[in-house]
Amino acid sequence: MLFFVFYVMFGMVESGQLISYHRALIEGMFSSVFFQVCIFIIWTLYSFKILLFILTLLRQPGYQFVNDASLLPRMKIFGLIFIINCFAFLPVLGYSIFIYQVGLSQQFYISTLYIFLFQIALCLTNAWLILTYLKTQHIFTWLTPQVRLPSFGGRIGFYVSYFVKDEKIALLLSKLFSLTLLYFVKENTSEGDDFRIMGLAWLFALSSHTFLILKIRAFEDRYLLWTKALPVSVNKMYLLTFAFYSLLLWPEFLLLTTEIGDTLTVPEFIIVIIFSGGFMMFVHAYLLKPNRNPDQFSMYLFWLFIASFFIILSKLITLLTIVLCLSSFLMISKRYYEYEPIVNE
Amino acid sequence: MLSVKNLSKKYDTNLVIQVPELTIPNGTFWIEGGNGSGKTTLLKIIAGICPFEGSVHLNNIDLKQSPVHYRKEISYAEAEPQFPPELTGSELILFVQKTKSASTAQITTLINYFNIGHFINRPVGGYSSGMLKKLSILLAFIGSQKLILLDEPLITLDNDFIPLLLSHIREKQSEGISFLITSHQAIENTMLSFNGKISVRNQLVKLDMY
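Protein sequences, first through last, are from chains A and B.
Going left to right, the first sequence walks through residues 1 to 345 as our numbering numbers them.
Going left to right, the second sequence walks through residues 1 to 210 as our numbering numbers them.
Source of the hints: derived by calculation from the structure; they are not laboratory data.
In this text, all values refer to a predicted model and were calculated from it rather than measured experimentally.
Don't be surprised by glycine CBs; every beta carbon is placed ideally from N, CA and C.
Treat the hints with care, since some could be wrong.
[What the hints assert, rightly or not] Using C-beta positions, here's what the derived DEER-type ranges look like:
{"no.": "1", "chain 1": "B", "residue 1": "162", "chain 2": "A", "residue 2": "59", "range": "23 to 33 Å"}
{"no.": "2", "chain 1": "A", "residue 1": "52", "chain 2": "B", "residue 2": "164", "range": "33 to 43 Å"}
{"no.": "3", "chain 1": "B", "residue 1": "8", "chain 2": "A", "residue 2": "62", "range": "37 to 47 Å"}
{"no.": "4", "chain 1": "B", "residue 1": "3", "chain 2": "A", "residue 2": "290", "range": "27 to 37 Å"}
{"no.": "5", "chain 1": "A", "residue 1": "173", "chain 2": "B", "residue 2": "176", "range": "53 to 63 Å"}
{"no.": "6", "chain 1": "B", "residue 1": "14", "chain 2": "A", "residue 2": "215", "range": "21 to 31 Å"}
{"no.": "7", "chain 1": "A", "residue 1": "184", "chain 2": "B", "residue 2": "36", "range": "54 to 64 Å"}
{"no.": "8", "chain 1": "B", "residue 1": "36", "chain 2": "A", "residue 2": "62", "range": "52 to 62 Å"}
{"no.": "9", "chain 1": "B", "residue 1": "158", "chain 2": "A", "residue 2": "52", "range": "30 to 40 Å"}
{"no.": "10", "chain 1": "A", "residue 1": "42", "chain 2": "B", "residue 2": "109", "range": "29 to 39 Å"}
{"no.": "11", "chain 1": "B", "residue 1": "23", "chain 2": "A", "residue 2": "333", "range": "26 to 36 Å"}
{"no.": "12", "chain 1": "B", "residue 1": "108", "chain 2": "A", "residue 2": "176", "range": "41 to 51 Å"}
{"no.": "13", "chain 1": "B", "residue 1": "118", "chain 2": "A", "residue 2": "114", "range": "12 to 22 Å"}
[As the list claims (entries may be wrong)] For lysine-lysine, the following DSS-like pairs were computed, each having C-alpha atoms within a straight-line distance of at most 27 Å:
{"no.": "14", "chain 1": "A", "residue 1": "236", "chain 2": "B", "residue 2": "146"}
{"no.": "15", "chain 1": "B", "residue 1": "146", "chain 2": "B", "residue 2": "72"}
{"no.": "16", "chain 1": "B", "residue 1": "72", "chain 2": "B", "residue 2": "98"}
{"no.": "17", "chain 1": "B", "residue 1": "197", "chain 2": "B", "residue 2": "72"}
{"no.": "18", "chain 1": "A", "residue 1": "334", "chain 2": "B", "residue 2": "197"}
{"no.": "19", "chain 1": "B", "residue 1": "197", "chain 2": "A", "residue 2": "236"}
{"no.": "20", "chain 1": "B", "residue 1": "10", "chain 2": "A", "residue 2": "334"}
{"no.": "21", "chain 1": "A", "residue 1": "289", "chain 2": "B", "residue 2": "146"}
Could you put the whole structure together from the sequences, leaning on the hints where they help?
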């Protein structure tokens, strides 16, 4: 989201045209009610994000002492929270100085006043909500809507619930990158083009998901160690995890189906699915080690990518798929019960 | 019967526990020892969670050679359980039920007996430590295991739940199920019948039969 905003603000035009671009944006805000409403919505969403951030912080154990502020006089806390909120809202308030300047210079007095009052209202509303929380320790349920998918059940369900609840941003970022890349390659290839072009793009798309595997491993270490005491075979555990990673790539598979008949045949599509699962499981298997040095992991991913890159170029993707699936299975079979996470002191 | 041979466990270079040979007959045993003595490590090794050197057999089933078969015979309830916070108690119960091929009737009986039905449909992330403990203990009783490992089963539980738990343990004892129970406090006065005590001290484990 921040990247999108940054791109709109600074990436749309050349640096020499930035000032005139922003001036045009601000003037558009004053001359178009629709555009002004859009900006107000964006500011409201940002203000809401600030509110959720502060409320989340206040509920963390390390910030519990801040709740003692509720002992202060009401107006004093309100003033302090209002100032904190203004600081958090500073990017908007800072930019608004230019909005006010343009508005006043072009005699949009009423609109400038509306904008000022709207921003103050956002900060005051946030301050009031946070003050209410400090005084009552009660969060309005509409502030923290819970998205709960129907349970898939089993291990796959555990992973899905985890991503939906805790790693939405990570998931969205990897999807944004991989789907954008695949769509771009798809649009610029035509029937009869070499399958390897899409294959290499697919490799990049898979690599963008590898940091999700790190998160899965951390989740397993924290919350799923007790499942090692259950009578679940390594084979079943491997297949379930393989199925989860395949499910994770379901949007990409869906996009790829449009290529069947053009740059991709049905057998090749099936190989891509199995290759993807094997690739993810190979990285998953590597992470079944107690000392997970980030530098070593990055180097491992780099060499895995390079090796896969050249093997795909050599049109040996089927062989690569078999090697990845087989070796990941053997690694997990060997390491699963021998693995124990390091407890940080 | 549980038999342990040449068992040793190290964290880095620190030897935590060493058992040259230990045979624990069927029955109920209290595992006692000070903080950091290795009681939980021993239970986790027997449960199959913790890697180790050596061998562990339960009724001649080798933990390392027959991991699935072994784990069908055993259950473990942690001292401080941690479950995925976004899942509900019922989802976890269903998961364990499926892995242990337990009947729905058994699950219903356990939920009603332990009286936890009023909170198991809520996400585990909102549970108190006592509620987590109750859920963990219930999960350990799911299935048809021969040995149940309970790590500090009485901590964080309310006074209403403890008699229910002790009564259920006595019932399972009469069915021939064995228990290994760790506790810092003397658990011998809880009206449970113990066959012996296992002391864990200075990395060594000693069995005293009553």
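The hints, checked one at a time:
no.	hint	result
1	B:162 with A:59: 23 to 33 Å	31 Å, holds
2	A:52 with B:164: 33 to 43 Å	41 Å, holds
3	B:8 with A:62: 37 to 47 Å	39 Å, holds
4	B:3 with A:290: 27 to 37 Å	28 Å, holds
5	A:173 with B:176: 53 to 63 Å	55 Å, holds
6	B:14 with A:215: 21 to 31 Å	30 Å, holds
7	A:184 with B:36: 54 to 64 Å	57 Å, holds
8	B:36 with A:62: 52 to 62 Å	27 Å, violated
9	B:158 with A:52: 30 to 40 Å	34 Å, holds
10	A:42 with B:109: 29 to 39 Å	55 Å, violated
11	B:23 with A:333: 26 to 36 Å	30 Å, holds
12	B:108 with A:176: 41 to 51 Å	45 Å, holds
13	B:118 with A:114: 12 to 22 Å	51 Å, violated
14	A:236 with B:146	24 Å, holds
15	B:146 with B:72	9 Å, holds
16	B:72 with B:98	12 Å, holds
17	B:197 with B:72	25 Å, holds
18	A:334 with B:197	35 Å, violated
19	B:197 with A:236	38 Å, violated
20	B:10 with A:334	19 Å, holds
21	A:289 with B:146	32 Å, violated
Of the hints listed earlier, those the structure fails to meet are numbers 8, 10, 13, 18, 19 and 21, in rising order.
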